[in-house]
Amino acid sequence: MDVKKLVRALWSSAWVGWEVESNWTEPFIFIGLQVIRPLASTLLFPLLYLVGMNFTGQAVDPIYLSYIFVGTAFFTPYIFAAETGGTIVSQDRERYGVMKSIYITTSSLSIYFLGRFLAIAGISLFSTLSSFAAAYALIVWGIGYSMPLVLENLLDVFLALGAMYIGSFAFFYILPSINLLTNKLQWSLTYYFLGLLYLLGDIIFPVQSLSPLAEPLAYILPTNQALNTLRNALGLPTPHNTAAAYLASIFWAALGYFVFKRAVGRARAKGLLDKIGWW
Amino acid sequence: MFTSNWWEAVKLFQNLRHNLKAVYARTYVRVRSQFREPEWVLTESVIPLLIVFAAATLYRVSGSEQLAGFAVLGGAMMAFWDNVLWLMASQFYWEKESGNLDLYIIAPVSKMSILLGMSLGSIINTSIRALLIFLLAAFVLRVPVNIADPLAVFLVFTLTLTALYGLGMLMSSLYMLYGRGAYQLNDILSEPIYLLSGLYFPTIGRYSPFPAIVQFLVSLIPLTFGIDGLRRTIILGQGVEQIMLHIYVLLALTVALIPLAWRVLIFMENLGRREGRLSLRWM
Amino acid sequence: MGLAAETVNLGRVFRNRGSVVQALENVNLRIETGQIYGLLGPNGAGKTTLVKILTTLLLPTTGEAYVYGYNVAKEASKIRPLINLVSGADTPGYGLITVRENLWFYSMLYGLDKETARERINRLIEEVGLKDVENELLRNLSTGYRQRMNLARGLVNEPSVLFLDEPTIGLDAVSARKIRKLIKDWVKGDSGRTVILTSHYMAEVEEMCARVAVLNKGRVVAEGTPAELRSLVAGKTVAVMEVWLPTDADRVLDMLEAAYKTHDPATNIYRIRVVVNNWDETANIVEHITSRGGKVLSLVKAMPSFEDVYVKLVGGGEVVSEFEA
Numbered sequence: 001m002d003v004k005k006l007v008r009a010l011w012s013s014a015w016v017g018w019e020v021e022s023n024w025t026e027p028f029i030f031i032g033l034q035v036i037r038p039l040a041s042t043l044l045f046p047l048l049y050l051v052g053m054n055f056t057g058q059a060v061d062p063i064y065l066s067y068i069f070v071g072t073a074f075f076t077p078y079i080f081a082a083e084t085g086g087t088i089v090s091q092d093r094e095r096y097g098v099m100k101s102i103y104i105t106t107s108s109l110s111i112y113f114l115g116r117f118l119a120i121a122g123i124s125l126f127s128t129l130s131s132f133a134a135a136y137a138l139i140v141w142g143i144g145y146s147m148p149l150v151l152e153n154l155l156d157v158f159l160a161l162g163a164m165y166i167g168s169f170a171f172f173y174i175l176p177s178i179n180l181l182t183n184k185l186q187w188s189l190t191y192y193f194l195g196l197l198y199l200l201g202d203i204i205f206p207v208q209s210l211s212p213l214a215e216p217l218a219y220i221l222p223t224n225q226a227l228n229t230l231r232n233a234l235g236l237p238t239p240h241n242t243a244a245a246y247l248a249s250i251f252w253a254a255l256g257y258f259v260f261k262r263a264v265g266r267a268r269a270k271g272l273l274d275k276i277g278w279w
Numbered sequence: 001m002f003t004s005n006w007w008e009a010v011k012l013f014q015n016l017r018h019n020l021k022a023v024y025a026r027t028y029v030r031v032r033s034q035f036r037e038p039e040w041v042l043t044e045s046v047i048p049l050l051i052v053f054a055a056a057t058l059y060r061v062s063g064s065e066q067l068a069g070f071a072v073l074g075g076a077m078m079a080f081w082d083n084v085l086w087l088m089a090s091q092f093y094w095e096k097e098s099g100n101l102d103l104y105i106i107a108p109v110s111k112m113s114i115l116l117g118m119s120l121g122s123i124i125n126t127s128i129r130a131l132l133i134f135l136l137a138a139f140v141l142r143v144p145v146n147i148a149d150p151l152a153v154f155l156v157f158t159l160t161l162t163a164l165y166g167l168g169m170l171m172s173s174l175y176m177l178y179g180r181g182a183y184q185l186n187d188i189l190s191e192p193i194y195l196l197s198g199l200y201f202p203t204i205g206r207y208s209p210f211p212a213i214v215q216f217l218v219s220l221i222p223l224t225f226g227i228d229g230l231r232r233t234i235i236l237g238q239g240v241e242q243i244m245l246h247i248y249v250l251l252a253l254t255v256a257l258i259p260l261a262w263r264v265l266i267f268m269e270n271l272g273r274r275e276g277r278l279s280l281r282w283m
Numbered sequence: 001m002g003l004a005a006e007t008v009n010l011g012r013v014f015r016n017r018g019s020v021v022q023a024l025e026n027v028n029l030r031i032e033t034g035q036i037y038g039l040l041g042p043n044g045a046g047k048t049t050l051v052k053i054l055t056t057l058l059l060p061t062t063g064e065a066y067v068y069g070y071n072v073a074k075e076a077s078k079i080r081p082l083i084n085l086v087s088g089a090d091t092p093g094y095g096l097i098t099v100r101e102n103l104w105f106y107s108m109l110y111g112l113d114k115e116t117a118r119e120r121i122n123r124l125i126e127e128v129g130l131k132d133v134e135n136e137l138l139r140n141l142s143t144g145y146r147q148r149m150n151l152a153r154g155l156v157n158e159p160s161v162l163f164l165d166e167p168t169i170g171l172d173a174v175s176a177r178k179i180r181k182l183i184k185d186w187v188k189g190d191s192g193r194t195v196i197l198t199s200h201y202m203a204e205v206e207e208m209c210a211r212v213a214v215l216n217k218g219r220v221v222a223e224g225t226p227a228e229l230r231s232l233v234a235g236k237t238v239a240v241m242e243v244w245l246p247t248d249a250d251r252v253l254d255m256l257e258a259a260y261k262t263h264d265p266a267t268n269i270y271r272i273r274v275v276v277n278n279w280d281e282t283a284n285i286v287e288h289i290t291s292r293g294g295k296v297l298s299l300v301k302a303m304p305s306f307e308d309v310y311v312k313l314v315g316g317g318e319v320v321s322e323f324e325a
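Chains as they are written, first to last, in full-length UniProt numbering: chain H, 1 to 279; chain G, 1 to 283; chain D, 1 to 325.
Note that these hints are calculated values from the structure, not bench results.
Some clues are possibly wrong.
With a cut-off of at most 27 angstroms between alpha-carbon atoms, the simulated DSSO-like pairs for lysine-lysine come out as follows [what the hints assert, rightly or not]:
{"#": "1", "chain 1": "G", "residue 1": "K11", "chain 2": "D", "residue 2": "K74"}
{"#": "2", "chain 1": "G", "residue 1": "K11", "chain 2": "D", "residue 2": "K178"}
{"#": "3", "chain 1": "H", "residue 1": "K184", "chain 2": "H", "residue 2": "K5"}
{"#": "4", "chain 1": "G", "residue 1": "K11", "chain 2": "D", "residue 2": "K78"}
Let's have the full structure, built from the sequences with the hints guiding it.
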């Protein structure tokens with residue numbers, strides 16, 4: 001494909017993504033969706049932990065509080081990717097009916113989705129960092145609990161963020177692949193996915209705490225080692241494996257891309273690219 | 001004079017009967033629709049269950065497993081809040097998209113009857129789901145249930161639902177004229193309400209992490225006192241005497257929200273007719 | 001016969017973010033009972049706005065509107081038991097309940113008692129041709145059946161005035177014909193029944209309506225029986241032409257008043273109709289086209305149709321959809 005054309009298609013898809021997702025023209029909605037909502041997600045589990053400790057009269061462990069806090073704050077890019085990835089098919093195919101028009105262009109749905117993902121990645125980075133800062137301020141200065149987070153290694157932070165975004169790219173392709181082939185799950189798939197990750201993804205506790213048998217999942221799922229690498233880069237004594245973070249994330253991203261291409265092919269064969277209504 | 005009063009009474013009775021038929025019909029549609037695809041009761045219970053398991057595991061990992069019941073109750077009540085947001089507050093948005101809203105407006109029936117029917121249907125459907133979530137989570141997590149006063153549980157639960165669906169009716173009325181904006185507002189509200197209303201941990205009283213002013217404001221959400229009351233009566237074994245404040249607050253919210261919803265509904269209908277936004281789509 | 005609906009100097013303005021749209025202006029109509037009354041006009045003419053006002057969905061900005069003598073702004077609750085609305089663009093109802101259940105649901109909104117509701121729904125299912133699908137979930141119905149269900153729903157309260165907003169839009173010719181027949185039969189069934197119908201389709205309006213109001217840009221530009229409206233082009237002739245035009249064709253055609261055209265972009269051939277006072281005028285039209293680089297491929301004389309009346313009233317340049325009667 002002509003590189004210029006590819007860049008143009010990618011750019012216009014990212015622009016559409018920004019226009020659809022950002023709502024920047026309506027500041028209240030923009031702030032609500034991109035700042036307040038992720039902030040609430042980020043605060044939920046750290047506060048649950050604090051209240052639990054107070055209720056049972058135990059001392060708060062600042063390391064574990066920070067573990068939960070970093071996990072929930074930096075789970076945001078995955079949430080954004082899964083939420084948009086989980087609804088993009090119902091929006092573009094069924095509601096706005098643009099998917100078929102995009103499919104028949106000289107570009108491809110993969111490029112279009114990549115552009116949409118880039119927009120989401122940019123927005124989610126802003127949301128993650130703003131909710132991280134606001135939630136940190138609320139917990140440390142507002143409620144008065146310490147969280148020993150220090151920026152020990154900027155390179156590791158970037159490495160961890162890189163792995164996270166590769167992993168969220170995977171979600172952005174896997175969820176639409178399923179929704180392309182069935183419209184039964186378009187409201188719930190995202191939340192099954194995210195719910196499972198809250199349980200297994202080292203977001204609020206290490207997956208091994210469910211059962212020692214679950215330990216391999218820490219190296220299979222894309223979130224675990226990426227988040228643990230970040231925790232370590234922020235000064236927490238969390239065991240981590242950066243190479244495994246990349247291996248798992250790249251594996252899932254490649255799988256996501258492959259599954260997506262297959263799903264588009266099958267959707268075309270079954271006449272589902274422009275299918276609307278109940279089926 | 002007597003004849004005129006008698007005739008008025010007959011008309012009032014006929015009107016009431018007509019509206020009750022509409023309430024029943026709207027309830028029927030909602031309940032019947034759910035049971036046409038009963039698998040949804042189960043599949044839609046999975047999402048709250050996953051979050052409940054995650055929250056309960058966090059309690060366990062941090063050594064406060066006796067609070068897992070808090071998360072279980074939160075998961076069950078989350079079903080009601082989601083229902084209020086997506087199938088009450090934004091229901092008129094869907095109705096507008098399909099053309100039903102126009103037909104509701106021109107039907108010779110109080111629009112409040114439609115809302116009441118929607119609420120009753122929702123309560124029946126969601127109660128089944130909430131019970132399923134509660135039973136499954138309580139069984140898997142072996143949550144000790146400690147009900148000392150069933151009347152207290154009944155009172156808190158009933159009042160929570162009346163106040164919560166009163167809020168749903170109010171939001172539905174407020175959203176009547178709005179399209180995509182209402183949908184986005186729901187998106188914005190869902191998680192902050194999970195946090196503030198105390199679905200998974202107490203947000204009012206001694207253990208709340210929030211300052212008094214925030215506690216006061218969040219107590220205006222019926223879910224807050226409702227969940228706290230249920231937590232006290234189902235998990236901590238408290239009776240009516242200990243939850244009188246909860247009953248008063250929920251009662252006050254019910255008494256305030258339902259008539260307010262009614263007034264707002266009439267106001268929004270008239271505003272919509274004036275501004276031409278009742279059947280305007282794609283906003 | 002009394003008046004089913006009446007408008008007096010009716011106007012409606014929409015304001016949105018600084019823009020002002022005059023959707024209706026000084027509309028005066030008197031619609032008598034017992035007939036099908038047509039509202040005809042292009043997109044944005046104000047037909048749907050007028051229907052919304054008469055069905056109590058929208059308030060007028062100026063003037064007054066009455067249904068059966070009741071003021072739409074002040075006495076909506078007295079009007080609502082008397083009317084119903086069927087909009088062809090909508091698919092009301094609930095997908096997860098059956099056709100019969102949907103009809104029952106709407107009958108309850110009108111407070112019908114159990115027996116009356118059952119009897120009426122049975123009859124409507126038969127009359128409208130829903131017997132085969134009465135127990136199907138609404139979401140499984142084809143567009144044609146959905147429209148029939150929508151019509152049955154509109155009749156469930158036996159309204160005195162039924163408003164039909166583009167009732168056959170998107171339907172195939174056979175389904176549209178069935179719907180038109182049902183409407184005509186329904187009106188014939190009782191002298192007190194009135195239908196107020198909006199449509200884009202001239203032939204539909206001409207075939208069905210006793211009287212027609214043509215709206216354009218919010219104003220009534222003509223009103224009368226189809227025959228009266230047709231007399232606006234009486235004594236005139238229509239030149240039907242096939243014309244090839246170079247690329248700036250639109251400007252060439254726009255200069256021909258009251259022409260409307262179909263266009264084949266592959267060949268750039270236009271089919272146009274022009275109303276002329278006498279046949280000699282066609283020479284000027286041919287000259288107009290050829291002098292601008294176009295070619296006249298064929299020229300046929302025709303009698304003016306109702307569509308020519310419409311084009312004369314609302315202006316040319318519009319591709320007009322036809323329907324198979």
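Structure-based check of each hint:
| no. | hint | verdict |
| --- | --- | --- |
| 1 | G/K11 with D/K74 | holds (20 angstroms) |
| 2 | G/K11 with D/K178 | violated (40 angstroms) |
| 3 | H/K184 with H/K5 | violated (35 angstroms) |
| 4 | G/K11 with D/K78 | holds (14 angstroms) |
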